[in-house]
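Novice: Residues per chain, in single letters:
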Amino acid sequence: MIKMIRKTVVALATFALMAAIPAVASVEMNTAVQKVVIEEDEQGNNVRKLVSADQVVPGDTLHYVISFTNKGANTVDSGSIVITNPLPPDTVYLEGTAQGSGTEITYSVDAGGTFGRTTELTVLREGERVLAQATDYTTIRWAFKPALEAGKTGDVSFSVRLK
Amino acid sequence: MANPVGKKATGKKQGLMQGLLGVASLVLPTFGFAAGTAAGTLIPNTATMQFAIDGDSKNVRSNTTLTRVDEVLDVVVSPEQADTVPIDSPMEAAQISFLVTNTGNGVEAYRLFLDLNINEGGFDPARGELFVESNSVPGLQLGVGGDTPHVDGTSVMLAADGSLTIHATVVIPAALAAYAESRVRLRAVSSTIAAASGVSDPESAEFPPPGSSFTGIGDGGGNAAVGLTHQAEQPVFFAFSGFRVEAPLVLLDKTAVAVRADDGSDAVRPGSVVDYRLKVEVRGSRDRHGGRNHVDRSATRGA
Chain A
0 MIKMIRKTVV ALATFALMAA IPAVASVEMN TAVQKVVIEE DEQGNNVRKL VSADQVVPGD
60 TLHYVISFTN KGANTVDSGS IVITNPLPPD TVYLEGTAQG SGTEITYSVD AGGTFGRTTE
120 LTVLREGERV LAQATDYTTI RWAFKPALEA GKTGDVSFSV RLK
Chain B
0 MANPVGKKAT GKKQGLMQGL LGVASLVLPT FGFAAGTAAG TLIPNTATMQ FAIDGDSKNV
60 RSNTTLTRVD EVLDVVVSPE QADTVPIDSP MEAAQISFLV TNTGNGVEAY RLFLDLNINE
120 GGFDPARGEL FVESNSVPGL QLGVGGDTPH VDGTSVMLAA DGSLTIHATV VIPAALAAYA
180 ESRVRLRAVS STIAAASGVS DPESAEFPPP GSSFTGIGDG GGNAAVGLTH QAEQPVFFAF
240 SGFRVEAPLV LLDKTAVAVR ADDGSDAVRP GSVVDYRLKV EVRGSRDRHG GRNHVDRSAT
300 RGA
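Residue numbers (numbering that gives the first Met the number 0), protein chains in the order written: chain A, 0 to 162; chain B, 0 to 302.
The hints are simulated quantities; they were obtained by calculation from the structure and are not laboratory data.
Incorrect hints may appear among the rest.
To be verified - The calculated lysine-lysine pairs, modelled on DSS-like cross-linking and capped at a C-alpha distance of 25 Å, are: (1) B:57 with A:144; (2) B:253 with B:278; (3) A:70 with A:144; (4) A:151 with A:70; (5) A:162 with A:48; (6) B:57 with A:151; (7) A:70 with B:57.
Kindly produce the complete structure, drawing on both the sequences and the hints.
Specialist: Have a look at this one:
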C-alpha cells in the first residue's frame, strides 16, 4: 500500500514538473556552404557543380543552404516561419540565386532595417534615388508560407561572390 | 604540396581556376589592382528564424559556417621605361628601372632575379646590380642617402597591392657595334612558390601553373594558390627591358680661352694671339672609329 502511494506521488510530481517547463524551441536550423564550379561534361556542355569550400579565393562563388527541421511534436503555425540571413561579409549577392520552395523572398539594403521585393528597393547613388541592384543587398529574408508538421524539413538557399 | 596538375583540370583545380579567372578580370587588365578579400580572412555566415507554435512565437539561430580565404600569389613586373635605353659602349653603369607590384591578396616575399644572359643575337651585359628605390628621390642615387643595394636572388616583402621600384645597373662591354641591342629581365618569384615547388625559373616545365595550390602555407594560415599572372600564355611576373648602342655621334666644340695682344693686354686686334680649346666628343659605338672622348689643344693663332 505504501509502495503504491509512493509511485503515485512520483508520477504526479513528474507530471507537474513537465507541465511547469516551457516548451523548448522545436525547430532546428543548419547552415552549410559549398563552392560553385563550372565543369565541362563529355558533350562539351558547362555543368554547375557544388564542391567543398576548403579552397576559396577572391572571385569564387559560394552557395549557402539553410535547412530546418521540426524536431518537436507540434506543428509550426503556417505563415509563421521567417528566415533571415545577413549576407556574409566580403561577399556580394548574385542576382536571382535566392531560392526557397513555398517562400516569399524579400531583401534589405539597410542591414535588415526594412525589407522589400527587388522592384521596391531603392538606394541613393550620386545623389539620385535609383532602383537597388543585387550588389546593394545586405540581407535576405524568406517568409515560409506552409505549416511545418512534426518531423518535416525545408530549406532555402542563396549564392554570393567573394570579393 | 602542389595538387596534381594534369592537362585536363581536375574538379578542385578547375574550381580554383574559376575563382582566379574572376580575379583576373580585375587584375590583368589593370596591373597593380589587388585581388580582393585579404588572405586568411574568415567569412562567417549565420541565419536566424522566427516561428510560432499555437501562436507562441520563438526564435532559433543556426550554426555559423566559417570559410577561410586562400592566398592568391600574383605579382606584376613592368618596365618603367617605354623603350630601349640608349647607351654607349663601353659604359660602366647603364641603368633601367622596373615596377614590382603584389597584385595578390596577401603579404608575400618576392625573390628578385636580374637575368642578363638571355640574349640570342644581341649582347649580354657584363655584370648587373639591383637597387631598391628607398630614398623617395626619383631615379637611382648611389652612396650615402641613396637607394638600397639589393642582392640578386634575395627577397623583398610586399603587402597586397604594394609596389616597389627596382633599379638595375649593368656594365656594357666595349667594342660593341652601333645599334647592338641587349635585353635584360627582372623576375619576381614568390618565395612561397619557390619554397613549395623548388622552382624559380619561369621557363622550367616544373614551374607550377596557375591554380596550383599549396596546403596551409598561405598568408593568414590558409592555402596558397598560384595566380594568373603566372599563366604560360601571358606571364607578367617577369618583364624585359633593353639597351641599344647609340650610333656614333661626333660633337665638336671650339672655345677661345685666352687672348694676348702685343702690348701684353687681352685686347683683340690684329697681331693678337688667341688660344682656342677644341673639344671633340664621340658618343655611341666607338668600335670603328677608335676616337678619344676629349681632345684639348691650343691650336689656332692669329685673329
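Novice: Which numbered hints does this structure break?
Specialist: Going through the list in order, the structure violates no hint and respects every one.
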